[in-house]
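**Student:** As you go down the protein sequences, you meet chains A and B in turn. Residues in the first sequence are numbered consecutively from 1, following my numbering. Residues in the second sequence are numbered consecutively from 1, following my numbering.
Just so you know, not all the hints are guaranteed correct.
Listed next, with one range per pair, are the computed distances between beta-carbon atoms [as the list claims (entries may be wrong)]:
#, chain 1, residue 1, chain 2, residue 2, range
1, B, Thr-16, A, Arg-60, 46 to 52 Å
2, B, Thr-80, A, Ser-39, 38 to 44 Å
3, A, Asn-22, B, Thr-5, 29 to 35 Å
4, B, Thr-5, A, Lys-56, 27 to 33 Å
5, B, Lys-52, A, Glu-17, 43 to 49 Å
6, A, Gly-59, B, Thr-80, 42 to 48 Å
7, B, Lys-52, A, Asn-18, 42 to 48 Å
8, B, Pro-69, A, Gly-40, 26 to 32 Å
9, A, Thr-110, B, Gly-3, 27 to 33 Å
10, A, Gln-14, B, Asn-17, 28 to 34 Å
No more than 30 Å apart at the CA atoms, straight line, and that leaves these computed lysine-lysine pairs for DSSO-like [to be verified]:
#, chain 1, residue 1, chain 2, residue 2
11, A, Lys-105, A, Lys-56
12, A, Lys-56, B, Lys-41
13, B, Lys-36, B, Lys-18
14, B, Lys-36, A, Lys-105
15, A, Lys-105, B, Lys-40
16, A, Lys-70, B, Lys-36
17, A, Lys-69, A, Lys-105
18, A, Lys-26, B, Lys-40
19, B, Lys-40, A, Lys-69
20, B, Lys-18, B, Lys-41
21, A, Lys-26, A, Lys-69
22, A, Lys-69, A, Lys-56
23, B, Lys-19, B, Lys-36
24, B, Lys-52, B, Lys-19
25, A, Lys-105, B, Lys-41
26, A, Lys-26, B, Lys-18
27, A, Lys-26, B, Lys-36
28, A, Lys-70, A, Lys-26
29, A, Lys-56, B, Lys-19
30, B, Lys-52, B, Lys-36
31, A, Lys-105, B, Lys-22
32, A, Lys-70, A, Lys-56
33, A, Lys-70, B, Lys-41
34, B, Lys-40, A, Lys-70
35, B, Lys-52, A, Lys-69
36, B, Lys-52, B, Lys-41
To be clear, the hints were calculated from the coordinates, so they are not data collected in a lab. Bear in mind the structure is a predicted one, so any value in this text is a computation, not a measurement. The beta carbon of each residue, even a glycine, is placed where N, CA and C say it ideally should be.
What follows is the residue order along each chain.
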Amino acid sequence: SQQGEEDPQALSIQEGENATMNCSYKTSINNLQWYRQNSGRGLVHLILIRSNEREKHSGRLRVTLDTSKKSSSLLITASRAADTASYFCATEVSGGSNYKLTFGKGTLLTVNP
Amino acid sequence: ETGVTQTPRHLVMGMTNKKSLKCEQHLGHNAMYWYKQSAKKPLELMFVYNFKEQTENNSVPSRFSPECPNSSHLFLHLHTLQPEDSALYLCASSRMEGGRLGLMDEQFFGPGTRLTVL
Numbered sequence: 001s002q003q004g005e006e007d008p009q010a011l012s013i014q015e016g017e018n019a020t021m022n023c024s025y026k027t028s029i030n031n032l033q034w035y036r037q038n039s040g041r042g043l044v045h046l047i048l049i050r051s052n053e054r055e056k057h058s059g060r061l062r063v064t065l066d067t068s069k070k071s072s073s074l075l076i077t078a079s080r081a082a083d084t085a086s087y088f089c090a091t092e093v094s095g096g097s098n099y100k101l102t103f104g105k106g107t108l109l110t111v112n113p
Numbered sequence: 001e002t003g004v005t006q007t008p009r010h011l012v013m014g015m016t017n018k019k020s021l022k023c024e025q026h027l028g029h030n031a032m033y034w035y036k037q038s039a040k041k042p043l044e045l046m047f048v049y050n051f052k053e054q055t056e057n058n059s060v061p062s063r064f065s066p067e068c069p070n071s072s073h074l075f076l077h078l079h080t081l082q083p084e085d086s087a088l089y090l091c092a093s094s095r096m097e098g099g100r101l102g103l104m105d106e107q108f109f110g111p112g113t114r115l116t117v118l
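Just chain A, same shape as in the assembly (with noise of 0.2 Å):
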């Protein structure tokens, strides 16, 4: 498997309810990074957790980071039509001349109305 995994890799649930999303990885990272895509649009970034962090909120976003288990997960709660899109994760992999992010495959989360 790659350095950044999602699971699922479709989700679909009812408006109003939770989305939980997962990334495994496989080395040693400096960072964990959410993304959000759009149907063929950009990446847009939703929130970086460090590896001496275990936890971030923003909004209606959780991330937990856990690097004993090499996972982290996205929460969505309450969640709405509008956060239908793909969500990845990437990694900042620590160590030598390392200044990339590596891209999993994504969830597709589906929220209907």
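Following the hints, position chain B against chain A.
**Tutor:** Just chain B, lined up with the frame of chain A:
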């Protein structure tokens, strides 16, 4: 939208054509990136420029030729492409210090160019 613009938004070209994609950022960033996004594949990093200097070429075929004349502009010159090169090409920018992303930095993406190679 995000301070990063890309032109054209859509491009259809034949395999013998030569075309260029343009990216411009208005955020004062010093690092710019080209990514390729194909269906059902992860976002693939192609090139990284830091202060106009190319610092990453992710084994990209020579039919893709990047150019970064200054820290605000990035081009991707295309020639003799193949149909499998059809994809969404995304440009991004960020602040980079000491050759690596800062701990608080994020990448800002443009809307992308949808490229179709016939």
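**Student:** Does each hint hold? Answer for all of them.
**Tutor:** How the hints compare with the structure:
1. Between Thr-16 of chain B and Arg-60 of chain A the beta carbons are some 50 Å apart, a value that agrees with the proposed interval 46 to 52 Å.
2. Checked against the given bound of 38 to 44 Å, the beta carbons of Thr-80 of chain B and Ser-39 of chain A, roughly 30 Å apart, lie outside it.
3. At about 34 Å, the beta-carbon gap between Asn-22 of chain A and Thr-5 of chain B stays in the expected band of 29 to 35 Å.
4. With their beta carbons about 30 Å apart, Thr-5 of chain B and Lys-56 of chain A fall inside the hinted range of 27 to 33 Å.
5. At about 47 Å, the beta-carbon gap between Lys-52 of chain B and Glu-17 of chain A stays in the expected band of 43 to 49 Å.
6. Hint check: Gly-59 of chain A to Thr-80 of chain B, Cβ distance near 47 Å, so the stated range 42 to 48 Å holds.
7. Judged by the Cβ atoms, the range 42 to 48 Å given for Lys-52 of chain B and Asn-18 of chain A holds: they are separated by roughly 45 Å.
8. Here the CB-CB span from Pro-69 of chain B to Gly-40 of chain A is close to 28 Å, well matched to the stated 26 to 32 Å.
9. Checked against the hint of 27 to 33 Å, the pair Thr-110 of chain A and Gly-3 of chain B passes, with Cβ atoms roughly 29 Å apart.
10. Take Gln-14 of chain A and Asn-17 of chain B: their Cβ atoms lie about 47 Å apart, and the range 28 to 34 Å is violated.
11. For the given pair, Lys-105 of chain A sits about 23 Å from Lys-56 of chain A by alpha-carbon distance, which is consistent with the 30 Å threshold.
12. Between Lys-56 of chain A and Lys-41 of chain B, the direct Cα distance comes to roughly 28 Å. Compliance with the 30 Å bound is thereby established for this hinted pair.
13. Straight-line distance between C-alpha atoms of Lys-36 of chain B and Lys-18 of chain B comes to about 18 Å, which keeps the hinted pair within the 30 Å bound.
14. Distance restraint check for Lys-36 of chain B and Lys-105 of chain A: the Cα-Cα separation of roughly 13 Å lies within the 30 Å cut-off, and the hinted pair is therefore satisfied.
15. For the suggested pair Lys-105 of chain A and Lys-40 of chain B, the alpha carbons sit about 7 Å apart, so the restraint of at most 30 Å is met.
16. The suggested pairing of Lys-70 of chain A with Lys-36 of chain B holds, with an alpha-carbon distance near 26 Å, which does not exceed 30 Å.
17. For the proposed pair Lys-69 of chain A and Lys-105 of chain A, the alpha carbon gap of about 20 Å is at most 30 Å, so the pair holds.
18. For the proposed pair Lys-26 of chain A and Lys-40 of chain B, the alpha carbon gap of about 21 Å is at most 30 Å, so the pair holds.
19. This hinted pair checks out: Lys-40 of chain B and Lys-69 of chain A have alpha carbons roughly 26 Å apart, not beyond 30 Å.
20. Restraint check: the Cα-Cα separation between Lys-18 of chain B and Lys-41 of chain B comes to about 26 Å, which is no more than 30 Å; the hinted pair holds.
21. For the hint pairing Lys-26 of chain A with Lys-69 of chain A, the CA-to-CA distance comes to about 9 Å; that is within 30 Å, so the pair holds.
22. Taking the CA atoms of Lys-69 of chain A and Lys-56 of chain A, the gap is near 17 Å; set against the 30 Å cutoff, the hint holds.
23. A threshold of 30 Å between alpha carbons decides the hint, and for Lys-19 of chain B with Lys-36 of chain B the separation of about 16 Å falls inside it, so the pair holds.
24. In summary, the hint linking Lys-52 of chain B to Lys-19 of chain B is supported, as the alpha carbons are separated by about 21 Å, within the 30 Å threshold.
25. Distance restraint check for Lys-105 of chain A and Lys-41 of chain B: the Cα-Cα separation of roughly 6 Å lies within the 30 Å cut-off, and the hinted pair is therefore satisfied.
26. This hinted pair does not check out: Lys-26 of chain A and Lys-18 of chain B have alpha carbons roughly 39 Å apart, beyond 30 Å.
27. This hinted pair checks out: Lys-26 of chain A and Lys-36 of chain B have alpha carbons roughly 22 Å apart, not beyond 30 Å.
28. Of the pairs offered as hints, the one joining Lys-70 of chain A and Lys-26 of chain A holds, with about 7 Å between alpha carbons and a cut-off of 30 Å not exceeded.
29. The hinted pair formed by Lys-56 of chain A and Lys-19 of chain B fails the criterion: a straight-line CA distance of about 43 Å is larger than 30 Å.
30. For the hint pairing Lys-52 of chain B with Lys-36 of chain B, the CA-to-CA distance comes to about 20 Å; that is within 30 Å, so the pair holds.
31. For the given pair, Lys-105 of chain A sits about 25 Å from Lys-22 of chain B by alpha-carbon distance, which is consistent with the 30 Å threshold.
32. Annotation: proposed proximity of Lys-70 of chain A to Lys-56 of chain A holds, straight-line Cα distance about 16 Å (limit 30 Å).
33. The hinted pair formed by Lys-70 of chain A and Lys-41 of chain B meets the criterion: a straight-line CA distance of about 22 Å does not exceed 30 Å.
34. Proximity of Lys-40 of chain B to Lys-70 of chain A is assessed by CA-CA distance (about 23 Å); at most 30 Å being required, the pair is judged to hold.
35. Pair hint Lys-52 of chain B plus Lys-69 of chain A does not hold up; C-alpha atoms about 38 Å apart against a cutoff of 30 Å.
36. Of the supplied pair hints, the one linking Lys-52 of chain B and Lys-41 of chain B holds, its CA atoms being roughly 28 Å apart against a limit of 30 Å.
The structure does not agree with the numbered hints 2, 10, 26, 29, 35 stated previously, though it agrees with the rest.
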